[in-house]
Amino acid sequence: MRGLKKYLSGLFQGVRSLLQGMSVTGYHFFHPREIVTQQYPENRATLEIFERSKGELTMPHNELNEHKCTACGICQMVCPNGTITVLSKTEQNEDGKSKKVLDRYIYRLDQCTFCALCVKNCPSDAITFAPTFENAVYTRALLTKQLNKEGSKLQKKS
Amino acid sequence: MIYDFSKLTSSLDQLLLSVLPPFWVLLVEALLVLIAGLAAFAVLGMILVYMERKVCAFFQVRLGPNRVGKWGTLQLIADMLKLLTKELVTPRGVDVLLYNVAPFIIIMAAFLSFGALPFARGLHAIDFNIGVFYLMAVSSLAVLGILLGGWASNNKYTVIGAMRSGAQVVSYELSVGLTYITMVAFAGTMQLSGIVEAQADGWFLFKGHLPALIAFVVFLIASTAEANRGPFDLAEAESELIAGYHTEYSGLRFAFFYLAEYLNMFIGAAIAATLFLGGWMPLHIGSWEAFNAVMDFIPPIVWFFGKTFLLVWVTMWFKWTFPRLRIDQLLTLEWKYLMPVSFFNLLLMTVIILLGWHF
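Protein sequence lines, in the order shown, are assigned to chains A and B.
My numbering puts the first residue of the first sequence at 1, with every later residue one more than the last.
My numbering puts the first residue of the second sequence at 1, with every later residue one more than the last.
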């Protein structure tokens, strides 16, 4: 008798949980306004890209055209697939000492896996990932970028 | 009796008889039915595939096809053209004859059941006096195509898929048969046109109340399983068996399997609509003459397809809600739940008929 009771309660419980699942999907079917699909090219103007998304590596410059890169080369060493090449040059500063400064910061977008090890390991917070994602170009050569702007200098520590 | 196709069909028959000997009349009529059926298959297949993609998308909070044509309506034309132009690959090591025959068997099984469905009064290819029995027999032929296709492909995934499908169809055939018997006992006839006519004063789902409702639910579940549709689609479980029994098929042969799946779903829904929701019979409520007359104005074809597509939608609802069953769960559901419930239900129905406790 107990077995029969267990069987029947199991049956009704099963039916109830199945109906519960169907009510969830049924709700979604009858509320098409809640559809989450983004229709990308049409909604470009209102598209919301989150800050944390990693589109491409950038080196922020301030309004005086200064960056924070000291050309230490840690990012180049830590990059697992040779995406970054830091080319430095030696310059004389005001005191007459020769000092290593950044000449060209080469970033190859086509090789990047967006692991962000470079950003995490940068001791001076010089580089960051930007959420730009429309990076398609017609030739691969265009994917090799120089991140420091022309004539930019190292930002003085305040 | 506004819409009666039997006049049209019998006048066509008379016209043919006046110009041809009886044997040729039969042949020409069979050919006409074949052409109409094939056209209906193609159109229904396309509507069902489009419906499936859209309905599935809406259940999953997506939009579905929306790029090719307005609301993606031309997507199916594009898909069809793609399937038609694909190469028919015959892998090395397959049993060439069986491999080629399997898709035709499966589509033929669907066609055989299609021929016995009453679409409207008089619009009925063959009205057997044992229509329900016939449907029960031919609707289980599709598994032959699946078994043959799976075996002839000479591939472990296809064989596993085919074997699962065999176990599944053999099991669920029992509940389907028992629900058929329940409704036949209630209707008192096996003739499909007779069953539909008997529902003129109320559909069986309402007239037979509790046992009819139980039979309806059991039939919906079991016919979904018989058509190898999700959540019972473990014959083609793509996460474990690639595509199950049709892994090795491509192009038009694959399209046949694909089409047959949707048509079997449609046929299951059409049989459920005929047995429980009155087939092409408009919604009639007892003695509300005015209401019944208004309902009669809607053509029976609209009623039939409306009910069928409603049930198709319900089976899609199943598919896109429930996760796929494991093979042991599948057999447990049938042998420990659906079959005892249908036996009990048959008993209940018999008692209700004998005591006259129905409407």
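One or more hints might be untrue.
So the derived label-pair ranges between C-beta atoms look like this [stated by the list, open to error]: (1) B:I353 - A:R16: 40 to 46 Å; (2) B:L74 - A:T58: 39 to 45 Å; (3) B:S6 - A:V36: 20 to 26 Å; (4) A:Y138 - B:T332: 46 to 52 Å; (5) A:T46 - B:D4: 55 to 61 Å; (6) B:F344 - A:R16: 16 to 22 Å; (7) A:S53 - B:F343: 41 to 47 Å.
It should be emphasised that the hints constitute simulated quantities derived from the structure, not laboratory data.
In this text, a Cβ means the ideal position worked out from N, Cα and C, and glycines have one as well.
Verify the CB-CB distance for T46 (chain A) and D4 (chain B) against the hinted window 55 to 61 Å. With a Cβ separation near 57 Å, T46 (chain A) and D4 (chain B) satisfy 55 to 61 Å, so the hint holds.
Do L74 (chain B) and T58 (chain A) keep their Cβ atoms within the hinted range of 39 to 45 Å? 42 Å, holds
Quick one: are Y138 (chain A) and T332 (chain B) within 46 to 52 Å, going by C-beta? Violated - the Cβ-Cβ distance for Y138 (chain A) and T332 (chain B), about 59 Å, lies outside 46 to 52 Å.
Can you tell me whether the CB distance of S53 (chain A) to F343 (chain B) sits inside 41 to 47 Å? 59 Å, violated
Outcome for the supplied range 40 to 46 Å, where the beta carbon pair is I353 (chain B) and R16 (chain A): 30 Å, violated
Looking only at beta-carbon atoms, does the pair S6 (chain B), V36 (chain A) fall within the given range of 20 to 26 Å? Given range 20 to 26 Å: violated, Cβ gap about 51 Å.
16 to 22 Å was suggested as the range; check whether the CB atoms of F344 (chain B) and R16 (chain A) agree with it. For F344 (chain B) and R16 (chain A) the Cβ distance comes to about 19 Å; the hint holds.
Taken one by one, the earlier hints fail for this structure at numbers 1, 3, 4, 7, listed in ascending order.
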